[in-house]
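All chains, please: the whole structure from these sequences, using the hints.
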Amino acid sequence: MREKLEKYFSYVFEKELIDEIVQVGIYKKLRENEVLVDLGDKMKGIPLLLEGAIKIVREDKNGDEILLYFLERGDTCASSFASAVSNTKCGIRAIAEKESEIIFLPKEKLDDWMVKYKSWRNFVIESYNIRLNEMMETVDSLAFMRMDERLYKYLTDKAQIMRETSLNTTHQEIAYDMHTSRVVISRLLKQLENESKIKLYRNKIEILEF
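So for the sequence shown, this note's numbering puts the first residue at 353; every next one is plus one.
Source of the hints: derived by calculation from the structure; they are not laboratory data.
Honestly, I wouldn't trust all of these hints.
[As the list claims (entries may be wrong)] Derived lysine-lysine pairs resembling DSSO-like cross-links, with alpha carbons at most 27 Å apart: (1) K380 - K450; (2) K441 - K359; (3) K359 - K381; (4) K413 - K380; (5) K381 - K356; (6) K367 - K505; (7) K505 - K396; (8) K396 - K380; (9) K470 - K459; (10) K450 - K505.
[Said to hold, decoys possible] Simulated DEER-style distance windows between Cβ atoms: (11) E403 - L560: 40 to 50 Å; (12) S518 - S538: 44 to 54 Å; (13) R554 - D464: 47 to 57 Å; (14) Y528 - K441: 15 to 25 Å; (15) E355 - D500: 37 to 47 Å; (16) L391 - Q524: 35 to 45 Å; (17) R515 - V467: 28 to 38 Å.
For each residue, glycine too, the CB sits at the ideal point set by N, CA and C.
In structure tokens:
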């Protein structure tokens, strides 16, 4: 755990903070599609992502989901942080998009570190800023982008987060994330393929352009 912390966070956190994280953090591996945080959970801490990718979604009153953003290596979940600090129920669901590794940080330390370590305070503030911008992008795409543009953005964003140009996914899974029907997604994927932006395979999509 220390090796990966130092590899990815030595330029972000002080050595003393890394030492504390090693002492109190709980290391965990996540399987693909494993739920890390669910709606209504009371957060006892927050995840710090060492490897992999985490999908953050919201759910409406009918049980339909919509993708908010992805977390990648080096990220934490601002929504989880807010829920942990305020002791309120979590309003998002976090799902591992691929095998992932996290360190779970206990909420008892979160406030202390905000005062004790400037690097932690800056990290948390920057995380909120990044997540806010990503949510604004989500709102903008829903309000102003055509569905084919939204779909292509979804695919390229996911490819960047997964660090792979080939995505193992189904049309139905994409439809769930984008809160639309499989028929619409299948038609638009075929359109993108005809435009030579992607190549379709069985349960796999290759991104040809970025």
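Each hint, compared with the structure:
Note on K380 and K450: the hinted pairing holds, with a Cα-Cα distance of about 14 Å set against a maximum of 27 Å. Distance restraint check for K441 and K359: the Cα-Cα separation of roughly 33 Å exceeds the 27 Å cut-off, and the hinted pair is therefore not satisfied. Among the hinted pairs, K359 with K381 is consistent with the structure: their alpha-carbon atoms are about 18 Å apart, no more than 27 Å. Among the hinted pairs, K413 with K380 is inconsistent with the structure: their alpha-carbon atoms are about 31 Å apart, more than 27 Å.
About 13 Å separates the Cα atoms of K381 and K356, which keeps this hinted pair within 27 Å; it holds. Taking the CA atoms of K367 and K505, the gap is near 38 Å; set against the 27 Å cutoff, the hint is violated. At roughly 34 Å between alpha-carbon atoms, K505 and K396 are farther apart than 27 Å, so this suggested pair is violated. Restraint check: the Cα-Cα separation between K396 and K380 comes to about 15 Å, which is no more than 27 Å; the hinted pair holds.
Between the alpha carbons of K470 and K459 the distance comes to roughly 18 Å, so the proposed pair stays at or under 27 Å and holds. Of the pairs offered as hints, the one joining K450 and K505 holds, with about 19 Å between alpha carbons and a cut-off of 27 Å not exceeded. Hint check: E403 to L560, Cβ distance near 27 Å, so the stated range 40 to 50 Å is violated. In this structure, S518 and S538 break the distance hint of 44 to 54 Å, their C-beta atoms being roughly 18 Å apart.
Judged by the Cβ atoms, the range 47 to 57 Å given for R554 and D464 holds: they are separated by roughly 51 Å. Against the hinted window of 15 to 25 Å, the Cβ-Cβ separation of Y528 and K441 comes to about 23 Å, which satisfies the hint. Between E355 and D500 the Cβ separation comes to about 43 Å, which falls inside the hinted range of 37 to 47 Å. Restraint check, L391 to Q524: a C-beta distance of roughly 21 Å breaks the suggested window 35 to 45 Å.
Taking 28 to 38 Å as the suggested C-beta distance range, the pair R515 and V467 conforms, at roughly 35 Å.
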